[in-house]
Amino acid sequence: MAAAALLRRLPASRAPATAFMAARPISDSTASLTIETSVPFTAHLVDPPSRDVTTSPAELMTFFRDMSVMRRMEIAADSLYKAKLIRGFCHLYDGQEAVAVGMEAAITRNDSIITAYRDHCIYLARGGDLVSAFAELMGREAGCSRGKGGSMHFYKKDANFYGGHGIVGAQVPLGCGLAFAQKYKKEDTATFALYGDGAANQGQLFEALNISALWKLPAILVCENNHYGMGTAEWRAAKSPAYYKRGDYVPGLKVDGMDVLAVKQACKFAKDHAVANGPIVLEMDTYRYHGHSMSDPGSTYRTRDEISGVRQERDPIERVRKLIYAYDLATAAELKDMEKEIRKDVDAAIAKAKESSMPDTSELFTNVYKKGFGVESFGPDRKEMRATLP
Amino acid sequence: MLGAARRQLGSGPMLGQVLQRLRPAAATNAARGYSAAAKEMTVRDALNSALDEEMSADPSVFLMGEEVGEYQGAYKITKGLLDKYGPDRVLDTPITEAGFTGIGVGAAYQGLRPVVEFMTFNFSMQAIDHIINSAAKSNYMSAGQISVPIVFRGPNGAAAGVGAQHSQCYAAWYAHVPGLKVLTPYSAEDARGLLKAAIRDPDPVIFLENELLYGESFPVSAEVLDSSFCLPIGKAKIEREGKDVTITAFSKMVGYALQAAEILSKEGISAEVINLRSIRPLDRAAINASVRKTNRLVTVEEGFPQHGVGAEICMSVVEECFEYLDAPVERIAGADVPMPYAANIERMAVPQVDDIVRAAKRACYRAVPMAATA
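Chains as they are written, first to last, in our numbering: chain A, 1 to 390; chain B, 1 to 374.
Simulated from the structure, these hints should not be mistaken for lab results.
For each residue, glycine too, the CB sits at the ideal point set by N, CA and C.
Hints should not be assumed to be uniformly reliable.
Stretch-level coverage of chain B by chain A, calculated; a stretch enters the list once three of its residues show a Cβ under 8 Å from a Cβ in chain A [as the list claims (entries may be wrong)]: (1) 64–72; (2) 88–98; (3) 226–239; (4) 335–341; (5) 348–355.
Just the calculated beta-carbon pair ranges, DEER-fashion [stated by the list, open to error]: (6) A:D129 - B:N344: 22 to 28 Å; (7) B:D326 - A:M358: 37 to 43 Å; (8) B:A160 - A:V368: 18 to 24 Å.
All chains, please: the whole structure from these sequences, using the hints.
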């Protein structure tokens, strides 16, 4: 049907508001649906939000699509890395998609997000496109950082996505700084600073949290607890792995990070709280299927049974698929078609990214400074290669 | 071989024992018809064996760092050591450099000999206050009461495609500070001898390895393999003798300098390659002796050029043998920009063999290759 084809070609996040007949196969209805989260929220020093989440058929379809695109992108990145088209470090996010997607659904592009190096999917959630993501991974000029950053350094300033950071924990004080600026400029927006269970023990988090609490900054610290800091399980790294409580005097909420609706509810709650009262900690109970990075098989410190168990019981995409069937929003065949099309889109994006050339050699010397005063910079042989910094 | 042992150990009763141990080995080798350098060893194995032997010899030596134990080491340098020495002596830390570095320095104050691993030296910046203010300066501030026999080791400098935050060389920064010793091994022999020396040294030592060298194999003699083997701190090694130009280098750049020397020799330029091995103390005597012989100098390093190791070497030469210089000192270093990710511009950001060859020729006032002369 022509209308169904039209529906599929619409950008996932902008489904039309017009009501459709109840008999339509893939629902794009924005009628309200209330769905219970998988588990109730566990709260620290605050009353938790309700387990009942307001969503809509259109939103659920968007969740399914967005997470599927992310899943496909990360799996494709795995292959590209093994084919040596991606070099250096590559930290994949598959399994954790619900955090990126649920968070985005709760906030606006005026709110800020900052994360560490497992950043490809946050970039997509903030409106980044597949071509610039793959091009950046492959070090091409069409990349979101023009090939100069690489996997760990994706940014999208116009969507208030501040990267993309390689040093564990550093992004959290930075995130509190973003929140400081938001409050300073009286913007009524908030910042989500994402970090892992490994980073949760970093002292700089507690320093920044203390200041944020004193100054009532709209900072939301989001611990993506995937239970392993590289090869070290949480119980071996943290005396208290109750990360939502680690803010001590700062309230916290523990969330099933594999349930996109729970994530959305928690992030909405957190934003409202942060803008009114100051910092709050969210702990997202999530899981990464891949190892820490492409250099880590991920199976020397966890069992394959554990990994496949999570995939079977808690996969975020499968959970939404079940909801779609339960509420009769699409058929299995339709979802399968959508997934096939996503796969084609990802492949097409990779092909387009491969066409992009490597950065021009002059890019070696661009962007060292915003204002270089015309000083000279040098290559390895300063008498052979030099440039003036504008 | 025996002469080398004598130089390292000086005279005294120790020498006799060492000679006793070396003589039968030499005799056996001769009887079997082996050459002294029959065995090869990777830098990784050299480091692992050095740690193993020093932990075996001294129970106060312990290891600390991220993934050094159960994971067998992020780069497998500490493989097998947890199984051998147990969790009391091989400690996996959380990802908290400031905290565990402070703890390591405190343990050294109280008489233990920690070997603290930074997964890369980029992460040492989280802990640099402890390295400088708590470790480097303590012996001085306490008038000798509190010495700090600690080793900080890990990969330093550029790897391949790891981007700006994971590629910096910290040799110049750490070598700037009195109270620290800074070592930069190149070969497997360097790795073994210098790490053992570092662990035995009573002062804080920054031990800068290189990720790309871990898998490289080098020939090692029986002497190097012996558990008593140790290299002196503060002494450079002439890797290749020459008479036309001196090239100083450390770590991975030593390999590049040797390749450059080979190319230069085919063009009639005989380059002397100095493997610095020690950035602090710097072997000024060796460098200046070489420059007095060759009259020309090229310094090579991977790190940023401004205020780098080459700048110090140049000044040292100006101070001590200026009249011997027949040409300005040439400097090859990393590009003066944060490390880019894209492969083509990353390649432009690190020194290549061609850069060293070109600079050496400039120092020799030769722009075109010359036929080898008698």
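We went through each hint and held it up to the structure:
Here's how the segment 64–72 of chain B fares: 4 of its residues keep a CB closer than 8 Å to some CB of chain A, so the rule of at least three is met and the hint holds. A count of 5 residues in the segment 88–98 of chain B with a Cβ less than 8 Å from any Cβ of chain A is obtained; the coverage claim is therefore met, three being the minimum. Here the segment 226–239 of chain B counts 0 residues with a CB under 8 Å from a CB of chain A, which misses the bar of 3, and the coverage is violated. Closer than 8 Å: that is the beta-carbon criterion, and the segment 335–341 of chain B has 6 residues meeting it against chain A, so the requirement of 3 holds.
Interface restraint, the segment 348–355 of chain B with chain A: holds (6 residues with C-beta to C-beta distance below 8 Å; minimum three). Between D129 (chain A) and N344 (chain B) the beta carbons are some 23 Å apart, a value that agrees with the proposed interval 22 to 28 Å. Restraint check, D326 (chain B) to M358 (chain A): a C-beta distance of roughly 41 Å satisfies the suggested window 37 to 43 Å. Distance hint for A160 (chain B) and V368 (chain A): a CB-CB separation of about 22 Å, consistent with the stated range 18 to 24 Å.
Violated hints amount to a single one, hint 3; each of the other numbered hints is respected by the structure.
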